[in-house]
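Engineer: One-letter residues, chain by chain:
Number of protein chains: 2
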Amino acid sequence: METSQDIRFEPIAVMRSPFEEKFAVPRQSGLVPAATGEVVFLPPFDDSAMLQGLRGFSHIWLTFVFDRCVGQGWRAKVRPPRLGGNREVGVWASRSPFRPNFLGLSAVRLIEVVSGPPPRLRVSGVDLLDGTPILDIKPYLPYADAIADAVGGFAPAAPVSPLPVTFSARAEATLAQIDDGASLRSLISGVLALDPRPAYRRGAEPDRVYGVRLAGRNVRWVVGEAGLQVLDLDPIDPD
Amino acid sequence: METSQDIRFEPIAVMRSPFEEKFAVPRQSGLVPAATGEVVFLPPFDDSAMLQGLRGFSHIWLTFVFDRCVGQGWRAKVRPPRLGGNREVGVWASRSPFRPNFLGLSAVRLIEVVSGPPPRLRVSGVDLLDGTPILDIKPYLPYADAIADAVGGFAPAAPVSPLPVTFSARAEATLAQIDDGASLRSLISGVLALDPRPAYRRGAEPDRVYGVRLAGRNVRWVVGEAGLQVLDLDPIDPD
Chain A
-11 METSQDIRFE
-1 PIAVMRSPFE
9 EKFAVPRQSG
19 LVPAATGEVV
29 FLPPFDDSAM
39 LQGLRGFSHI
49 WLTFVFDRCV
59 GQGWRAKVRP
69 PRLGGNREVG
79 VWASRSPFRP
89 NFLGLSAVRL
99 IEVVSGPPPR
109 LRVSGVDLLD
119 GTPILDIKPY
129 LPYADAIADA
139 VGGFAPAAPV
149 SPLPVTFSAR
159 AEATLAQIDD
169 GASLRSLISG
179 VLALDPRPAY
189 RRGAEPDRVY
199 GVRLAGRNVR
209 WVVGEAGLQV
219 LDLDPIDPD
Chain B
-11 METSQDIRFE
-1 PIAVMRSPFE
9 EKFAVPRQSG
19 LVPAATGEVV
29 FLPPFDDSAM
39 LQGLRGFSHI
49 WLTFVFDRCV
59 GQGWRAKVRP
69 PRLGGNREVG
79 VWASRSPFRP
89 NFLGLSAVRL
99 IEVVSGPPPR
109 LRVSGVDLLD
119 GTPILDIKPY
129 LPYADAIADA
139 VGGFAPAAPV
149 SPLPVTFSAR
159 AEATLAQIDD
169 GASLRSLISG
179 VLALDPRPAY
189 RRGAEPDRVY
199 GVRLAGRNVR
209 WVVGEAGLQV
219 LDLDPIDPD
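Quick mapping for you: the protein sequence lines, in order, are chains A and B.
Note that the working numbering gives residue 107 to position 119 of the first sequence, counting from 1, and the numbers run on in steps of one.
Note that the working numbering gives residue 136 to position 148 of the second sequence, counting from 1, and the numbers run on in steps of one.
Quick caveat, the hints were computed from the structure, so don't treat them as lab data.
Among the hints, a few may not be true.
[Claimed, not checked] Part of the chain B face toward chain A, derived, beta carbon under 8 Å:
#1 -2
#2 59
#3 80
#4 131
#5 138
#6 140
#7 193
#8 194
#9 196
#10 217
#11 220
[As the list claims (entries may be wrong)] Looking from chain B toward chain A, a few residues come up when the C-beta cut is under 10 Å (computed):
#12 -4
#13 17
#14 44
#15 49
#16 112
#17 115
#18 118
#19 126
#20 219
#21 223
#22 224
[Said to hold, decoys possible] Computed Cβ-Cβ distance ranges for the label pairs, DEER-style:
#23 A:100 x B:194: 25 to 33 Å
#24 B:-4 x A:174: 56 to 64 Å
#25 B:110 x A:219: 51 to 59 Å
#26 B:190 x A:152: 42 to 50 Å
Even for Gly, the Cβ is constructed at its ideal location relative to N, Cα and C.
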């Protein structure tokens, strides 16, 4: 197929999510139910008529662009984190973002259809970075999409066992001052329980402090034998 | 998002399938297991290293372009065949091909990885037209993609009940002369059992002869009270 047959696509919506950097984004959608976000439609697709009937579906597919990876190019082989980061597989056998065309696919739970303007979809189980351009939205059709006898290759049938997550006195004090502290606690617990550390760091450097920008906060934590402790979660811009 | 941020995509593969026209293509993937096809990789993506590890997965996602619909433009509202073709819903609540960006998504069973050259994937449960450009291939991950509690909106939990399909003496004689007549019979039976007639024609014109190009043949049939009968399946180009 010739280059002249390349296809141009236009974002129909943009993702608003608590994930401001790749580190700590869940590896797949649905793993962190507390990770909520909004799909905000862009002109000329900001027409609520296009959403009629969507409320009846519990889940939707988002087809999106891994826009933060486009500049880095794609790779023929990748090292999936689920394999400990030290075994290579072909990119088509992975969900790596460093793939030709940089297309992503996530099934998220549809919480609410907001008429707007602009029309928005409140969703949960998000694994998209804030600002991700979305190209398509489809209803999840259980009879076609939920394949009961599918076998998952090298990826385990269930996600890694979650880490126990506790909060320091300082982190608790911050949560107590926040209007929706319970939601933020659920988000942080859900995200960090999946242990976002690179596999090669696990077991090494027990006192290392990790940090990530999450929901407008600089979340810092350590991992010890008793589990993971959130040290603090100061606002990124504390003026 | 500005038009200057439009994204260009390049087909990574082309679909080879028995479906040569839209009429009679199954409404979703997986509905007709006998519908087999091949995903043929295109340069510079015809590198079998990119497929390493894929054999362990039973199913894969194909993200593709509804290229035969692009010229007709997208619609804000559509009339899904599953609603009898007389109720409108928003395009985002449907899997209609007449959607912004014309992106399709199908989960197909992976039968065989052929090293090539060019590398190819033999798949079944296909619902793509022959020649469809494919933009992405991902492994189907049961733990993330098979959502057990998903609810399907207006689309019924199971496909419509299949029509009983029989073959006329003439059709049987043709099948008997074909090397792989059993496969062709399964394909035709599986496709026509889903009753590709438009909903508004069902119950009307009982003697109407329908025809479709399928697997290089002009398949013709009628639907009566006892079910569907295949009249003949002559080669399209019988030289």
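Engineer: Would you mind marking each hint as holding or not holding in the structure?
Structural biologist: Verification of the hints:
1. -2: OK, holds: residue -2 of chain B within 8 Å of chain A, min 5 Å.
2. 59: Residue 59 of chain B check fails; min Cβ-Cβ to chain A is 13 Å, beyond 8 Å.
3. 80: holds, 5 Å
4. 131: holds, 6 Å
5. 138: holds, 5 Å
6. 140: Interface hint status for residue 140 of chain B: holds (5 Å vs cutoff 8 Å).
7. 193: violated, 29 Å
8. 194: violated, 29 Å
9. 196: The hint is violated - residue 196 of chain B has no Cβ within 8 Å of chain A, the shortest such distance being about 29 Å.
10. 217: Residue 217 of chain B check fails; min Cβ-Cβ to chain A is 27 Å, beyond 8 Å.
11. 220: violated, 31 Å
12. -4: Hint holds; residue -4 of chain B Cβ to chain A Cβ min 5 Å, cut 10 Å.
13. 17: holds, 6 Å
14. 44: holds, 3 Å
15. 49: holds, 6 Å
16. 112: violated, 12 Å
17. 115: holds, 9 Å
18. 118: Since chain A brings no Cβ nearer than about 14 Å to residue 118 of chain B, farther than 10 Å, the hint is violated.
19. 126: holds, 6 Å
20. 219: This interface hint is violated because 30 Å lies over the 10 Å limit.
21. 223: violated, 28 Å
22. 224: Hint on residue 224 of chain B: violated, closest Cβ of chain A at ~24 Å, above 10 Å.
23. A:100 x B:194: 25 to 33 Å: Once the Cβ atoms are compared, 47 Å apart, the range 25 to 33 Å for residue 194 of chain B and residue 100 of chain A is violated.
24. B:-4 x A:174: 56 to 64 Å: The hinted range 56 to 64 Å is violated for residue -4 of chain B and residue 174 of chain A, with Cβ atoms some 39 Å apart.
25. B:110 x A:219: 51 to 59 Å: holds, 53 Å
26. B:190 x A:152: 42 to 50 Å: violated, 58 Å
Of the numbered hints stated above, those contradicted by the structure are hints 2, 7, 8, 9, 10, 11, 16, 18, 20, 21, 22, 23, 24, 26, listed in ascending order.
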